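So the protein sequences, as listed, match chains A and B. Take 1 as the starting number for the first sequence in my numbering and just add one per residue. Take 1 as the starting number for the second sequence in my numbering and just add one per residue.
Hints were generated in silico from the structure; no laboratory data involved. Check the hints yourself; a few may be wrong.
[Claimed, not checked] Chain A is nowhere near these chain B residues, computed Cβ spacing over 12 Å in every case:
1. 46
2. 52
3. 79
4. 136
5. 144
6. 147
7. 152
[Stated by the list, open to error] Here are the in silico distance ranges between beta carbons for each label pair:
8. A:63 to B:60: 39 to 49 Å
9. B:58 to A:56: 44 to 54 Å
10. A:51 to B:154: 52 to 62 Å
11. A:93 to B:50: 35 to 45 Å
12. A:94 to B:58: 55 to 65 Å
13. B:19 to A:88: 49 to 59 Å
[To be verified] Covered stretches of chain B, going by a simulated chain A footprint (3 or more residues, C-beta under 8 Å):
14. 1-8
15. 18-29
16. 60-69
17. 110-116
Computed from a prediction, not measured in an experiment: that's the story for all the values here. Note that the Cβ used here is the ideal one computed from N, Cα and C, for glycine as well.
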Amino acid sequence: MARDDGAEEWVRLLTGAGDHLVSGPQPEGAEPLARLVAAMRAPGHAPEAPPVELVASMVATIQRAGTHPPAAPKVPRWGRQSGVARSMAARLALAAVVLVGGASGAAAATGSLPDAAQARAHDVLSRVGVSVPGPGRPADAGPGPGAPGPGGGPSTCPQPAPAAPTVPGSSPLPCGAILAPGRAPSILVPSGPPVLPSVAGPPSAAGPPPVAGWVGPPPSRPVPYGPAPSHPDGPPPSGKPPVPPPGGPPRTRPGSPVSTPPPVPRPGRVAATAGGAAGPTTARGGLHG
Amino acid sequence: MLTAAQGGAPWAVEVLYRAHHPALLRYLRARLPATAEDLASQVWLEVAGALPRFSGDEQAFCGFLFTVAGRRLANERRRMGRRKEDSSAVSPEPPPAPDVESTVLDRMDGDAAAALVVDLLPAAQADVVLLRVLGGLDVDEVAAALGRRPGTVRVLQHRALKRLAEHLGGDDRLSDPHRL
Chain A
1 MARDDGAEEW
11 VRLLTGAGDH
21 LVSGPQPEGA
31 EPLARLVAAM
41 RAPGHAPEAP
51 PVELVASMVA
61 TIQRAGTHPP
71 AAPKVPRWGR
81 QSGVARSMAA
91 RLALAAVVLV
101 GGASGAAAAT
111 GSLPDAAQAR
121 AHDVLSRVGV
131 SVPGPGRPAD
141 AGPGPGAPGP
151 GGGPSTCPQP
161 APAAPTVPGS
171 SPLPCGAILA
181 PGRAPSILVP
191 SGPPVLPSVA
201 GPPSAAGPPP
211 VAGWVGPPPS
221 RPVPYGPAPS
231 HPDGPPPSGK
241 PPVPPPGGPP
251 RTRPGSPVST
261 PPPVPRPGRV
271 AATAGGAAGP
281 TTARGGLHG
Chain B
1 MLTAAQGGAP
11 WAVEVLYRAH
21 HPALLRYLRA
31 RLPATAEDLA
41 SQVWLEVAGA
51 LPRFSGDEQA
61 FCGFLFTVAG
71 RRLANERRRM
81 GRRKEDSSAV
91 SPEPPPAPDV
101 ESTVLDRMDG
111 DAAAALVVDL
121 LPAAQADVVL
131 LRVLGGLDVD
141 EVAAALGRRP
151 GTVRVLQHRA
161 LKRLAEHLGG
171 DDRLSDPHRL
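Here chain B stands alone, though its shape is the one from the complex:
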């Protein structure tokens, strides 16, 4: 299917789109809800331009897709001149976790879950979590997509997990840095 898409077969391109567009759109909506649709189209066109030279399986293609999306997102945020991290710096205290987390989490759809991650985490940590979970990228791929070192990505991921655990579970063990 990927080979057919690389040859320009419309049906294969449509299959690729159907398979990966929901996760891509969820990722972009979580970061920039206002321009997610436009960004997704730009990402797909850029990926299509590079598709004939792509080599790898479908998992690698997923990583490639989210890498392009991450770069597009970074460019868009840079262009807008307003990052989520700045707003978190203004109000360092994270928003309070919902009281009925367990019931909400059971009924939460993907977009809401991604939005919750973005709300609870600083921008850099949220980027790592979204790319790891939604894009299925490993640490090295996330590092390449974000322009960071793999060690930095691991640190961001660790802090993101601690923070999510603090707000979602309230487990003291998970909030203890010496335990992790």
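If we strip away everything but chain A, and leave its shape as in the complex, we get:
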């Protein structure tokens, strides 16, 4: 028990009871430690005089700090708002977002948005499977271009606009049709080598000018409505089906040269079609023999 008491007293050495160890009974190992602590606590040689410069600096610092207390850190205005106010502001902002979003969605669903906004909404929402009418199309006008076609499958070709030119007795334009001014849409039919358009020669006053009605092998991939051949009166290369002017079918001016460059087939495709319907060209040489 005495050993434990001595150890306990020794532990108190650094808690302010170090001097008592020297005077009272102490364990054997605590005595040098008590001397060490006493030596550490012994008053050192007091400085003869504190440095005048340091004291002057301290006094100046004290007076400066006393007259000019440090400014409180600036708190942003919103930081001083109470939690209730911040919560209310957040709720109001959320309500405004919901209100605006809902109104915009409703307007888009009914086709009431401006054309540009409606087209944008149509593009965006159709990607996520939401049917939204396109621009200039009422909400109940039927399925859009991405709707399934008559055969049940999805239509790979966008249907022309209602104002598109139609030939009496003909079906809607198939894919790959190229509209030429003043002529009915020609369909690409594989009937031999491609016929280059004839642009030489004087324009005939009796008939329409030679038009690039390229008749060639069917392309191996569907030809979309791409930019139509450039023509002074032709449809603009906007990727949309040609829309005739309101007055009727497009008219061509007699004698106006037609510079409709045909699509130049690639060499490999020409070689494949020159030998007849031999099938697609593959890298494994399916056309050989």
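Based on the hints, put chain B in the right spot on chain A.
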């Protein structure tokens, strides 16, 4: 006197300096002998800047002074990038205790005693002992000055006492952890 010093009275500032500077300088010399004087001046100027806002008695002021000193010391050691603990990690074995401890301890002055503590103990333990003995800080104040938890400070203090006892006294009971 402390109130007068807070008001900027030069005589009171000088009295404060005379009363606490020796222990402060001893503490700083034990840790960083090369820059102890400069550090002490920086500590005094920092304390003077905060003195008008200080509230407490003289003992509390002593704790405040050594707290500032401890932080300055830590910053200085961090700036120098070289700590005493690293050197002790390179040579884990403490230096041998002097053979004539009893006679040396009797004639040892404060600076030598503090230097001996620093030599015998790792840096963290030496910090605790110096702040407890020289600064008169309690465990919570030491913890605040060193940025440690009070429990950690108590553990460091316990290990420091054991280690000092092993090297100074050679008492087997004090080196037995189950006894303490």
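Evaluated hints:
With a closest Cβ-Cβ approach of about 9 Å to chain A, residue 46 of chain B is found to fall inside the 12 Å limit, against its non-interface label. For residue 52 of chain B, the condition that its CB be more than 12 Å from all CB atoms of chain A is violated, with the nearest at approximately 4 Å. The claim that residue 79 of chain B lies off the interface holds: its Cβ sits roughly 22 Å from the closest Cβ of chain A, which is beyond the 12 Å cut-off. Annotated as non-interface, residue 136 of chain B brings its C-beta within 12 Å of a C-beta of chain A; the closest such distance is 8 Å.
The Cβ of residue 144 of chain B sits about 17 Å from the closest Cβ of chain A, beyond the 12 Å cut-off, so the non-interface label holds. In this structure residue 147 of chain B is separated from chain A by more than 12 Å, as the shortest Cβ-Cβ distance comes to about 19 Å. Distance check for residue 152 of chain B against chain A: the nearest CB is about 15 Å away, which clears 12 Å, and the non-interface claim stands. As the Cβ distance of residue 63 of chain A to residue 60 of chain B is approximately 22 Å, the hint placing it in 39 to 49 Å is violated.
Against the hinted window of 44 to 54 Å, the Cβ-Cβ separation of residue 58 of chain B and residue 56 of chain A comes to about 23 Å, which falls outside the hint. Between residue 51 of chain A and residue 154 of chain B the C-beta distance comes to about 38 Å, which lies outside the given range of 52 to 62 Å. A hinted range of 35 to 45 Å holds for the C-beta pair residue 93 of chain A and residue 50 of chain B, which are about 43 Å apart. For residue 94 of chain A paired with residue 58 of chain B, a C-beta distance near 58 Å keeps the hint of 55 to 65 Å intact.
For residue 19 of chain B paired with residue 88 of chain A, a C-beta distance near 57 Å keeps the hint of 49 to 59 Å intact. Only residues whose beta carbon comes within less than 8 Å of a beta carbon in chain A count, and the stretch 1-8 of chain B has 4; three or more means the coverage holds. Under a criterion of three residues with beta carbons nearer than 8 Å to beta carbons of chain A, the stated coverage of the stretch 18-29 of chain B is upheld, 6 such residues being counted. For the stretch 60-69 of chain B, the stated coverage by chain A is violated: 0 residues have a C-beta nearer than 8 Å to a C-beta of that chain, whereas at least 3 were required.
Counting residues of the stretch 110-116 of chain B whose beta carbon lies closer than 8 Å to any beta carbon of chain A gives 6, which reaches the threshold of three, so the coverage claim holds.
Checked against the numbered hints above, the structure violates hints 1, 2, 4, 8, 9, 10 and 16; every other hint is satisfied.
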